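Number of protein chains: 2
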Amino acid sequence: MNVLIVYAHPEPKSFNAALRDLAKSTLEAKGHVVRISDLYAQDFEARVTRGAFRSAKDPDMLNIIGEQAHAWKTDGFAAEIKAEIDAIAWADFVIVQCPIWWFGPPAIVKGWMDRVFVPGFTYGRGKWFETGGLAGKRAMLSVTVDASLAAYSARGRYGDLDAMLWPANLSLRFVGFDVLKPFCAPKVSESPEIRRHSLEAYAARLAAIEGETPLFFHAASDYGDDDLLKPGLKPAASSPRDA
Amino acid sequence: MNVLIVYAHPEPKSFNAALRDLAKSTLEAKGHVVRISDLYAQDFEARVTRGAFRSAKDPDMLNIIGEQAHAWKTDGFAAEIKAEIDAIAWADFVIVQCPIWWFGPPAIVKGWMDRVFVPGFTYGRGKWFETGGLAGKRAMLSVTVDASLAAYSARGRYGDLDAMLWPANLSLRFVGFDVLKPFCAPKVSESPEIRRHSLEAYAARLAAIEGETPLFFHAASDYGDDDLLKPGLKPAASSPRDA
Numbered sequence: 002m003n004v005l006i007v008y009a010h011p012e013p014k015s016f017n018a019a020l021r022d023l024a025k026s027t028l029e030a031k032g033h034v035v036r037i038s039d040l041y042a043q044d045f046e047a048r049v050t051r052g053a054f055r056s057a058k059d060p061d062m063l064n065i066i067g068e069q070a071h072a073w074k075t076d077g078f079a080a081e082i083k084a085e086i087d088a089i090a091w092a093d094f095v096i097v098q099c100p101i102w103w104f105g106p107p108a109i110v111k112g113w114m115d116r117v118f119v120p121g122f123t124y125g126r127g128k129w130f131e132t133g134g135l136a137g138k139r140a141m142l143s144v145t146v147d148a149s150l151a152a153y154s155a156r157g158r159y160g161d162l163d164a165m166l167w168p169a170n171l172s173l174r175f176v177g178f179d180v181l182k183p184f185c186a187p188k189v190s191e192s193p194e195i196r197r198h199s200l201e202a203y204a205a206r207l208a209a210i211e212g213e214t215p216l217f218f219h220a221a222s223d224y225g226d227d228d229l230l231k232p233g234l235k236p237a238a239s240s241p242r243d244a
Numbered sequence: 002m003n004v005l006i007v008y009a010h011p012e013p014k015s016f017n018a019a020l021r022d023l024a025k026s027t028l029e030a031k032g033h034v035v036r037i038s039d040l041y042a043q044d045f046e047a048r049v050t051r052g053a054f055r056s057a058k059d060p061d062m063l064n065i066i067g068e069q070a071h072a073w074k075t076d077g078f079a080a081e082i083k084a085e086i087d088a089i090a091w092a093d094f095v096i097v098q099c100p101i102w103w104f105g106p107p108a109i110v111k112g113w114m115d116r117v118f119v120p121g122f123t124y125g126r127g128k129w130f131e132t133g134g135l136a137g138k139r140a141m142l143s144v145t146v147d148a149s150l151a152a153y154s155a156r157g158r159y160g161d162l163d164a165m166l167w168p169a170n171l172s173l174r175f176v177g178f179d180v181l182k183p184f185c186a187p188k189v190s191e192s193p194e195i196r197r198h199s200l201e202a203y204a205a206r207l208a209a210i211e212g213e214t215p216l217f218f219h220a221a222s223d224y225g226d227d228d229l230l231k232p233g234l235k236p237a238a239s240s241p242r243d244a
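Listed in order, the protein sequences are those of chains A and B.
Every position in the first sequence, counted from 1, becomes a number in this note's numbering once 1 is added.
Every position in the second sequence, counted from 1, becomes a number in this note's numbering once 1 is added.
Accuracy of the hints is not assured; some may be wrong.
Which copy is meant is left open, because identical chains are indistinguishable; a pair holds if it fits in one copy or across any two.
To be verified - Computed list of lysine-lysine pairs in BS3-like fashion (alpha-carbon distance at most 25 Å, straight line):
#1 Lys188 - Lys128
#2 Lys31 - Lys74
#3 Lys25 - Lys83
#4 Lys31 - Lys231
#5 Lys128 - Lys74
#6 Lys235 - Lys25
#7 Lys58 - Lys188
#8 Lys58 - Lys128
#9 Lys231 - Lys188
#10 Lys31 - Lys58
No wet-lab data here; the hints were simulated from the structure.
Predicted model only: the values in this text are computed from it and were never measured.
Can you make the complete structure from the sequences, with help from the hints?
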């Protein structure tokens, strides 16, 4: 399969870079083709501005969804956005490799979603969730934290990690991805032994990644016109509601 | 009191700007002093790079926390970061006014936290949560969404809004803020009537904001050395665990 690793760390010698390189070599050894979007090295802009678009549908009022839809129809995205769209279109599996800063992905990763998950390409005209534009592809967050896994558990200092990553995972599902459970490397500053253990755990997981069952999300049609889960249905365990 | 509104929308005619202006006039009418950080207008950088620092503690390896701590000690932050630090230091109450994009604040808001919530100023040397550097100040997220409030409820399409905003609220608490429940203006694209209703609700809330009880968060000392809530304590209702 074609694998895109979206990598976001400003330091080339970071442990995130080691995880990126391990994923690349492990997946290539299994015969997959791997490409990397190195957001910092590409100087990828995080903020949604007029710079995302080569022309303006409405120069007097920046309606972001409106300009994104217009740019999708007219091949009007800035080159760095078009390159990411093309990379996602090419990929069967997208890994987002980043540290957790302030209990979520860094701004540059949020900006990648804000600017690249555009209507037409990823959703719209009734296509979302299981019918989203990226349906049939898989995605996974691979993150690092500087605390224990216990700290990111339901009774931990910071709460359950999957609940914390719900916004990012829900975004991935909204556009159609089958979303795999996040991988998390804990205590990245503590010792080489812990880091080596994380590398081993990640390699083992990646070796069997094609057989993994994605997280459960409700189908869009499980919700009524009132935006509520239809009576009798239980909220998904992958949401923070049951965490 | 001194109120800082951190405002993040690229369109000056956006409804977020209307909410910002309403907060300013409402709070000023009550005798408060209001300043605004207009992140887009200030061209505030969202990404953590060497550009945040006027010198390098370690030019060979970018350890972000290490460089931030060094810059705090040496007055070594770039001007735009120092300005935000000074504004927060001045404020008794910080409102973050932004849209929800992809189920969270825009990248520019995440970048504001990534770059401005620095050790020394906001945490460190055993100071965090109730003893954090910003203890005694209050903060609140004020957000807009383009769906119904039902969609952002526990049984809604996107799940409970407070659970979704847990990462941002936990970040605000980590650095010491007393965190007020977020304000949310729904269906911002639907009709002038809905927007007017939101403005009225926001004005009413702000008029009584000084008397509000903050969200409950556990004290740092409620957790053991194992990073887990001590036996017998119940997870906070303001965390997604009970949402």
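Structure-based check of each hint:
1. In the homo-oligomer, the alpha carbons of Lys188 and Lys128 lie at most 25 Å apart only across protomers (20 Å), although the nearest pairing inside one protomer, at 40 Å, exceeds that limit.
2. In this assembly of identical chains, Lys31 and Lys74 lie within 25 Å of each other by CA distance neither inside one copy nor across copies; the values are 37 Å within and 49 Å between.
3. In this assembly of identical chains, Lys25 and Lys83 lie within 25 Å of each other by CA distance solely inside one copy; the values are 23 Å within and 39 Å between copies.
4. For a Cα distance limit of 25 Å, the shortest separation of Lys31 from Lys231 qualifies neither inside one copy, at 42 Å, nor across copies, at 45 Å.
5. For the identical chains of this complex, Lys128 and Lys74 are intra-copy neighbours only, at 16 Å inside a copy versus 52 Å across copies, given an alpha-carbon limit of 25 Å.
6. In the homo-oligomer, the alpha carbons of Lys235 and Lys25 never lie at most 25 Å apart, since the shortest distance is 38 Å inside one protomer and 42 Å across protomers.
7. Taking the closest pair of Cα atoms, Lys58 and Lys188 come within 25 Å of each other only across two copies (23 Å); inside a single copy the shortest separation is 47 Å, beyond that limit.
8. For the identical chains of this complex, Lys58 and Lys128 are intra-copy neighbours only, at 23 Å inside a copy versus 50 Å across copies, given an alpha-carbon limit of 25 Å.
9. In this assembly of identical chains, Lys231 and Lys188 lie within 25 Å of each other by CA distance solely across copies; the values are 21 Å between and 41 Å within a copy.
10. In this assembly of identical chains, the alpha carbons of Lys31 and Lys58 never lie at most 25 Å apart, being 46 Å within a copy and 41 Å across copies at closest.
Figure legend: structure checked against the earlier numbered hints; hints not met, in rising order: 2, 4, 6 and 10.
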